[in-house]
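**Q** Given next are the chains, with one letter for each unit.
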Amino acid sequence: MTISIIGTGQSPYTRHPQPGTETSQVIARAVRNALREAGLTPGDVDGFAVSSFTLNPDHAIDLAWRMGLRLTWLMQDTNGGASAGGMLQHAVRAIEAGDAKVIVLAAGDLMDGPAFSQLVASYNRATQDHLAPLPMNGPNALFAMLTTRQMEVLGLTREDYGRIAIAQREWAADNPGAVYRQGLTMDEYLSAPAVATPLGRYDCVPPVTGADAVVLVADPGNGTPRAKVLSVRASYNADQQAGDGLETGLRACAQPGWEEAGIGPGDVGLACVYDDYPAMVVAQLADLGVLPADDHPADFIKRRIATRELPVNTSGGQLSAGQAGAAGGMHGLVEAARQLMGTAGARQIAVRHAVVSGYGMVLYRYGACATMSVLEAAR
Amino acid sequence: MSAVVQECRNCRSLLFPARLFCPVCGEDSFSTVAAEDGTVEQTTTLSDGTVLATLGINGGLRLIARLTGSAPEPGQRVPLTNDPVAGSGANAYIPIPPNLNEDQS
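Top line first, the protein sequences correspond to chains A and B.
Using numbering that gives the first Met the number 0, you'd call the opening residue of the first sequence number 0 and step up by one each time.
Using numbering that gives the first Met the number 0, you'd call the opening residue of the second sequence number 0 and step up by one each time.
Just to be clear, a hint being listed does not mean it is correct.
Calculated from the model, a selection of chain B residues having no Cβ within reach of chain A, i.e. all distances over 10 Å [as the list claims (entries may be wrong)]: (1) MET0; (2) GLU6; (3) ARG11; (4) SER28; (5) THR31; (6) ALA33; (7) PRO71; (8) ARG76; (9) SER87; (10) ALA89.
Per the computed footprint, the stretches of chain B lying under chain A, defined by three or more beta-carbons under 8 Å from a beta-carbon of chain A, are [as the list claims (entries may be wrong)]: (11) 44-56; (12) 59-69.
Just so you know, the hints here were simulated from the structure itself, not pulled from any lab data.
By construction, the Cβ of each residue, glycine as well, lies at the ideal position given by its N, Cα and C atoms.
Turn these sequences into a full structure, and let the hints guide you.
**A** Set out below in C-alpha cells:
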C-alpha cells in the first residue's frame with residue numbers, strides 16, 4: 000500500500016491579519032482549500048491532525064467538531080517546524096493500519112506581534128527560566144551564534160548565505176502566496192539592518208498569519224495527480240543539546256529514509272528544507288546528503304542552488320513566503336506536493352522526486368526535532 | 000562570583016538547564032554546584048547593543064549568557080554570575096529562577 004497526498008491548501012499568508020481573525024478560522028480555510036483540490040468534502044474525512052501554537056484553549060477535537068468532521072483517527076502535534084513530518088509519519092501508518100482512509104493534516108497560526116512575543120517568551124521552561132530573562136526575544140541570537148560556528152567550520156561567508164536568500168526570493172517572485180516577492184540584491188542583503196550579528200534582516204523569517212493543509216489517501220488510482228509518500232523518518236533529541244547544533248537529527252534519518260524510498264540524495268529534483276535561517280538550509284542539505292560530504296558548501300550554493308540546477312524551496316521558503324507559526328513545518332510539504340502534482344503555477348518545475356525536511360523546537364541552544372520525507376510524483 | 004549548574008550525583012556530569020534523568024548515566028539524583036567561570040566560544044551583538052555569548056565550562060557544558068563590562072573576545076575566560084546586576088566589571092550573566100538553588104534530589 001502506498002499513501003499519497005492528493006490535495007493541498009493554504010490560507011493566504013499575511014503580515015497583518017484582519018482584526019478579529021482567529022487561528023481556527025485560518026486553519027479551517029486551509030483545510031477547505033485542500034479538500035476542494037482533492038475533490039472531497041468534510042464528510043469524506045475520517046482522520047485529522049493539527050499543529051498550532053495559538054489554538055488555545057481549543058484542541059484538535061474542538062477544531063474537528065467545529066469543522067463537522069466525524070473521525071476514527073485524531074492527533075495533535077506540538078513540534079512546530081518538525082510537526083508536518085511527525086503528523087505525516089503517524090498518518091501514513093494509520094492509513095496502512097486501517098485506522099483511517101482519508102486524513103487531513105493541517106497547521107496554522109495567528110502570528111501577529113503580541114502572539115509572536117508571547118510565543119517566544121514562553122516557548123518552553125528552559126526559555127522562560129534561562130533565555131527570556133537575559134533578555135533574549137526569540138531564537139535569532141541562538142542561530143546567530145550557530146551561524147558563526149558554521150561559518151568557521153565550513154568556511155562560509157555572509158555572501159554565501161546571501162545567495163541562498165536571494166535564490167529563494169527569486170522563486171518567490173512566481174509565488175503569489177509569498178509575502179515578499181520583490182527581487183533582493185546582494186547589496187541589499189549585506190547592508191540590511193543587523194538583527195543579531197552576523198544575521199541581518201534577510202536571514203530571518205517574517206512572522207505571518209496563515210495555514211497549510213494536505214489530504215492523504217491510499218492508492219487513489221484513476222489517474223489522479225498525486226505525491227506518493229516513499230518514506231518518512233523522524234528524530235527527536237538526537238544529541239541531548241550537548242553538541243554544536245551544526246548537525247541536526249536528519250543525520251540519523253538520512254540512511255534509512257533513502258533506503259526505504261529506494262532512491263538516493265542525488266536523485267531528487269527538488270529539496271524543500273526548513274529554512275528558519277540560511278545556515279539551517281546548509282545544515283539540513285548536508286545532513287540529508289543532498290549537499291555531498293566531499294563537495295564544498297560555498298561552491299555547492301553557487302553552482303547548484305543559485306543557478307536553480309537544484310531547485311531548493313521553490314515557494315520562496317519561509318524566508319520569503321513567511322513563517323506562519325507551526326505552519327512553517329507544513330510549508331515545504333505543501334510546496335513539494337504542489338510541484339509533484341503539477342499545481343505550482345508559474346514556478347512549476349519538471350520533477351519526479353522531492354525531499355522535504357522539518358526542523359524545530361529549540362530546547363535551549365538549537366532545534367531538537369527533525370523529520371525527513373521523500374515524495375514521488377505519480378498518477 | 001559563580002553560577003549554579005546541576006551535577007549528577009552518580010556520574011558527576013554537569014548539566015544545564017536542569018534535567019530529570021541524567022542523559023549520560025540515566026540516574027535521577029542530582030546536586031547543584033557552583034561554576035566559577037567559562038570560556039567565550041561565540042558572541043552575538045543584538046540591535047540594541049546587548050552582547051550574548053555561548054560559553055563553554057569545564058566538562059564540556061555550554062551555557063548562554065549576557066556579557067557585561069568590556070565584551071570579551073572568543074577564547075577569553077569570564078566570571079559567571081546568576082545576578083543580573085552583578086556590577087560593571089566583565090562578567091557573564093546566566094539567568095536562573097529563584098528556586099533552582101534547592102537540592103533537586
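**Q** Now, for every hint given, state plainly whether the structure supports it.
**A** Evaluation of the provided hints:
1. Under the 10 Å C-beta cut-off, the non-interface status given to B:MET0 relative to chain A holds; the minimum distance is some 17 Å.
2. Interface exclusion of B:GLU6 from chain A stands, the closest Cβ pair being 15 Å apart, more than 10 Å.
3. No Cβ of chain A comes within 10 Å of the Cβ of B:ARG11; the nearest lies about 15 Å off, and the non-interface call holds.
4. No Cβ of chain A comes within 10 Å of the Cβ of B:SER28; the nearest lies about 18 Å off, and the non-interface call holds.
5. Every beta carbon of chain A lies more than 10 Å from that of B:THR31, the smallest distance being close to 14 Å; the non-interface claim holds.
6. For B:ALA33, the non-interface assignment is confirmed: its Cβ lies about 16 Å from the closest Cβ of chain A, beyond the 10 Å cut-off.
7. At roughly 14 Å, the least C-beta separation between B:PRO71 and chain A is larger than 10 Å, which holds for a residue marked as non-interface.
8. Consistency note on B:ARG76: stated as away from chain A, and its beta-carbon is indeed over 10 Å from all of that chain's, at 18 Å minimum.
9. Non-interface call for B:SER87 relative to chain A: holds, since the shortest CB-CB distance, roughly 18 Å, exceeds 10 Å.
10. Every C-beta of chain A lies more than 10 Å from that of B:ALA89, the closest at about 16 Å, which supports listing it as non-interface.
11. With 7 residues having a Cβ less than 8 Å from any Cβ of chain A, the stretch 44-56 of chain B passes the three-residue criterion, so the hint holds.
12. Only when three residues or more bring their CB closer than 8 Å to a CB of chain A does the claim for the stretch 59-69 of chain B stand; here the count is 5, and the claim holds.
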